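Student: Same order as they appear, the protein sequences are chains X and V. Once you know that position 203 of the first sequence is 203 in the working numbering, the rest is easy, because the numbers rise by one and skip nothing. Once you know that position 163 of the second sequence is 163 in the working numbering, the rest is easy, because the numbers rise by one and skip nothing.
Don't take every hint at face value.
What the simulated footprint calls covered on chain X by chain V, stretch by stretch (three residues with Cβ under 8 Å from a Cβ of chain V suffice, anywhere in the stretch; the number is not a length) [claimed, not checked]:
no. : segment
1   : 64-77
2   : 82-93
3   : 98-107
4   : 149-160
5   : 315-323
Simulated crosslink set (DSS-like; lysine-lysine; CA at most 27 Å straight-line) [as the list claims (entries may be wrong)]:
no. : chain 1 : residue 1 : chain 2 : residue 2
6   : X       : 257       : V       : 26
7   : X       : 136       : V       : 26
8   : V       : 360       : X       : 136
9   : X       : 328       : V       : 62
10  : V       : 62        : X       : 62
11  : V       : 62        : X       : 55
12  : V       : 210       : V       : 470
13  : V       : 333       : X       : 55
14  : V       : 82        : X       : 109
15  : V       : 55        : X       : 333
16  : V       : 331       : X       : 62
17  : X       : 109       : V       : 92
18  : X       : 82        : V       : 109
19  : V       : 331       : X       : 55
20  : X       : 62        : V       : 55
21  : X       : 354       : V       : 62
22  : X       : 26        : V       : 328
23  : X       : 328       : V       : 55
24  : X       : 331       : V       : 333
25  : V       : 55        : X       : 331
26  : X       : 333       : V       : 62
27  : V       : 62        : X       : 331
28  : X       : 55        : V       : 55
29  : V       : 26        : X       : 62
30  : X       : 333       : V       : 333
31  : X       : 26        : V       : 136
32  : V       : 257       : X       : 354
33  : V       : 496       : V       : 462
34  : X       : 62        : V       : 328
Which residues of chain X face chain V? A few of them, derived with a C-beta cut under 10 Å, are [as the list claims (entries may be wrong)]:
no. : residue
35  : 36
36  : 37
37  : 40
38  : 41
39  : 45
40  : 50
Because the hints were derived from the structure by calculation, they are not lab data. Being a predicted model, the structure only gives us computed values, none of them experimental. Yeah, the Cβ is synthetic: ideal placement off N, Cα and C, and Gly gets one too.
Protein chains: 2
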Amino acid sequence: MGNKQKTAITPTREENYPEWYQQVIKAADMAQNSPVRGCMVIKPWGWAIWENIQKHLDRMFKETGHVNAYFPLFIPLSYLQKEADHVEGFAKECAVVTHHRLEAGPDGKLRPAGELEEPLIIRPTSETIIGEMYAKWVQSYRDLPILINQWANVVRWEMRPRIFLRTAEFLWQEGHTAHATEEEAKIETMKMLDLYTDFAHNYMAIPAVKGEKSEAERFPGAVATYSIEAMMQDRKALQAGTSHFLGQNFARASQIKFLSEQGKEEYAWTTSWGVSTRLIGGLIMTHSDDNGLIVPPRLAPLHVVILPVLHKDENREKVMEYCETLLKAIKAKTYDGEPIRAELDTRDMQGGEKAWSWVKKGVPVTVEIGPKEVESGSAYVGRRDQDRKERRGMAREEFLNRIDEILTDIQKGMLAKATSFRDENTVKIDSKDDFLSFFTPKNPDQPEIHGGFAYAHWCGEKVLEEELAKDYGVSIRNIPFDVSGEEGKCIFTGKKSAQRVLFAKSY
Amino acid sequence: MGNKQKTAITPTREENYPEWYQQVIKAADMAQNSPVRGCMVIKPWGWAIWENIQKHLDRMFKETGHVNAYFPLFIPLSYLQKEADHVEGFAKECAVVTHHRLEAGPDGKLRPAGELEEPLIIRPTSETIIGEMYAKWVQSYRDLPILINQWANVVRWEMRPRIFLRTAEFLWQEGHTAHATEEEAKIETMKMLDLYTDFAHNYMAIPAVKGEKSEAERFPGAVATYSIEAMMQDRKALQAGTSHFLGQNFARASQIKFLSEQGKEEYAWTTSWGVSTRLIGGLIMTHSDDNGLIVPPRLAPLHVVILPVLHKDENREKVMEYCETLLKAIKAKTYDGEPIRAELDTRDMQGGEKAWSWVKKGVPVTVEIGPKEVESGSAYVGRRDQDRKERRGMAREEFLNRIDEILTDIQKGMLAKATSFRDENTVKIDSKDDFLSFFTPKNPDQPEIHGGFAYAHWCGEKVLEEELAKDYGVSIRNIPFDVSGEEGKCIFTGKKSAQRVLFAKSY
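Input sequences plus hints: build the corresponding full structure.
Tutor: Now the structure itself:
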């Protein structure tokens, strides 16, 4: 092995980034591909992370005045067609229900029967079915705004599925709001983009770049789409949330009309916004290392795992007793306004293997307890964001008093680390040559890890954007808010550019 | 109107029970039928009740050692066929996905394209797809038990849909467990039945009869199905939860095999159990009255609504100030271990209409505040479980100190009332004549409200059961645990009967 340190995940990020990603998920027992094409099974550890994502986002939605509701899984084909760009955008990836029962055929085998008069599409998103309902609910300006969110599964048939990142069925939340004025709808669109940014930063420990999507990347049917873009460890971008200002397009398609305060009949202004289980893929690729997953404490299913270290049977009883008492004491402490989530791992397996299983699952803090710790009233504490060698003994009381501080520190450190990584791999680029060089792998052994975020001037032409995507696999992630105002010249065409845009390869 | 009291819901229960049910849902703004055949839209008030149901059940599942996970929406046709009874049971009501995109046909209209090699069924329940995964996860007895629950949507094509009670798409939880021994699986089956009973009694305020389903009503593929049965106000039964002991049937179908502690290869023993959005229908029909919905406090989206009474504009400021302060004080109090959920209704509408809107929504407690209450430092308190005439003034502090007690009393009273109603309409029947008379409407103006729960002896013959269902619309709801041991003679055939069973008409 020479200088190379043994890692829990094979291959490492440098050796084979895409495969490393799959292996991290496997080692953490988060999810797996199912035998149903393109669909994943989210296993308990992965699901518990999603539950925490849901819990916090749901609270944030409610704090901003939204309520939840639930709309049908099925969308009649005719509804989807009401908005021309919308159906165009989704027609290629729709799961279509055509029959409502099974019957035995002449060969005795079951086959679809009871053909539906109109095929039903499994929702790829719910603007059209929800719009249909809003049209019934809204008569007067007094019925507005409607501020509804839905937690649901959606289906977009994926030809190249990739667990969490792109799956045929995925889970998400989709907010759908309707307003009396354009201004109100625009404020809502931005409010939710800000909420997603806040959530990404403060819960997922993922720094994200806010901006508007270019026309080519706009949600089908939207007037404007805004996104937050995060940088993964292979320096590719991952879209981590979108908020759409839909203007009156969907209101017109679904006939969401209201009588204004002035007694005029008007179309409502609508928005929609969503994040999905894709966020879990982003979490993995932002924070994990060559030993596996690292979960930010605020989203961790468990904050602390206690590992009894039992070399001799004679010590078992007093070690276990000490562990049980410690577990209770930890659970009585709070972090982030909730009792600390802790577990005592009593599984009958070899100690090293057991400890590594939690490293691979990304639990923020482990506490090893052997006869020595019992003797001295201490705890041998390891932090997932530090090397295993840095584990150290702490007096029991000190640990209990500092556990909240340690978790807070880990959460903060993860955001800082991800922010540094992003900043180190973000450049301003002012020529086409530099651009092409930046997005060309330098190391043939690591074709996956290269590039980063490039802020460059662009003339705004859609055809150029499409060429760049086709020829170099680079796209405009968004037109960032934080660099607006600096005029310049397009590095490809020399034409005038209103501001730099964010270029990157992406998921 | 004569002696007839005006009610908020038209028609009343006595006038037209099925229509009353629809009108209660409409008046409470809980849900509505969608334009998608058989599918409902759950509106915010209905959804908030479901969220509370989910929150408590989820906690109870976790407290009994279960974890959540998520499995695909789609089930390949071949999987469904692996268990013969199972596919037989669900073939007639399957939504079938046959295509994965849309394309324009010769007439320019979009039509399904990209036919799938194997049709996919939208899960009507997930035993087969989950079994397929468990087979991959289980190798040794050390991998057992698996104790997983999933919150999901399922689809069973309904020919006669009825909101909440029978809809093509509905939401539910489905627990799926696998065990090394028959005994363990049986204990699990009963544990979950008990958990559902506990939830029905203590949260939904619904008394339920526990028992085993007869063969005819068994879950397709199960060895034994157990249910809890509740009585609605039209005296029909509603199945409010089921728990299935699946034996090794599904383990065999999916090849869930493990190496036992003795080194022998064995099939696992599995269970499944579920409750659905149907519970909301049961809640409505158990508790609501002719003025609308009544929600048990533990599941109520709001516990208390404050209604400012403003006849003159000059009082507005001080009344609103008093209300705001009161709202804060109420929210600082707790009920059922959580802060009290309260709202100040500032909508600009007529006072009576406003108050009645909350009656119809079933909020447990309303507090009216006018200048008189501000003057005397009091609150005019109404309880949804009492007549509007019984509203009364209470000193502000007394109300605040007693709010927890009032809510507890309402919750308790609702269970007591439902239990009395059930007991009053439960009979022992010992002859076929009495049986037929019991299940025949006495009042031609109220064909819907009659009968009840009848405990009678039955010989156990499936064909007899089918005849009773066909001829009289009466079925065996379950074979109750609480009357076991009393032998007798079948009231229809005179043959030997091991115990009385529970007969009723049902939803």
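Student: Against the structure shown, which of the earlier numbered hints fail to hold, in ascending order?
Tutor: 5, 22
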